[in-house]
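Using the sequences and the hints given, assemble the complete structure.
In terms of my numbering, the sequence shown opens at residue 90 and continues consecutively.
Each hint should be verified, as a subset may be incorrect.
[Unchecked claim] Using 27 Å as the maximum straight-line C-alpha spacing, the simulated DSS-like pairs for lysine-lysine come out as follows:
| id | residue 1 | residue 2 |
| --- | --- | --- |
| 1 | 130 | 245 |
| 2 | 130 | 244 |
| 3 | 131 | 144 |
| 4 | 211 | 221 |
| 5 | 131 | 221 |
| 6 | 221 | 130 |
| 7 | 130 | 144 |
| 8 | 245 | 144 |
| 9 | 247 | 130 |
Derived from the structure by calculation, the hints contain no laboratory data.
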Amino acid sequence: MVKAVFPGSFDPPTWGHLNVIERARKIFSEIHVVVAVNSDKKYLFTEDERVSLMKELVKPWDNVHVRSWNRLIVNYAEAIDARVLIRGVRNLADFSYEFDLAMMNQGLSPDIETVFLATDPKYFVLRSSAIKELASFGGDVSTMVPDLVKEQLEKKFKIPFLSTKIEKM
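Structural data, given as structure tokens:
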């Protein structure tokens, strides 16, 4: 029985995040989705909103748990006796960044391993920052995020997403 932790900002949660969680939950006995809280970072969604969204999205999976954390992720893993950190990677740039984090975490807690899961190719271009930017202009993000997240993005930006083409001027 191996517990794993999947940390991230999840601002907003994407189909890519859910793909990694769904695949990881079949490998590990428990997955703890940890919503990162960093006071130096500006989030679109509050901590409570991100936790609430993630809890609703993973509700069908009984071995997936969600909570927020504002300290080192290895400290969370140690507290719940998890031995694995899961990191989703889409490309070489992601891997380079995540590899550096993995080395730092290995130095902080040598008993915790990092496992990289490549994102399903159909989700590899999904970046939360790009989704937020697209949504801020009323772009249709329905193929990038679950309906619940799409609805919350519409509320945040107070603009319905464009689902029809604009007539030529």
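So, going through the hints one by one against the coordinates:
1. 130 <-> 245: holds, 18 Å
2. 130 <-> 244: Satisfied, since the Cα-Cα distance of roughly 21 Å is no more than 27 Å.
3. 131 <-> 144: Distance of about 21 Å is within 27 Å: holds.
4. 211 <-> 221: holds, 19 Å
5. 131 <-> 221: holds, 13 Å
6. 221 <-> 130: holds, 15 Å
7. 130 <-> 144: holds, 22 Å
8. 245 <-> 144: Holds: residue 245 and residue 144 sit about 19 Å apart, inside 27 Å.
9. 247 <-> 130: holds, 23 Å
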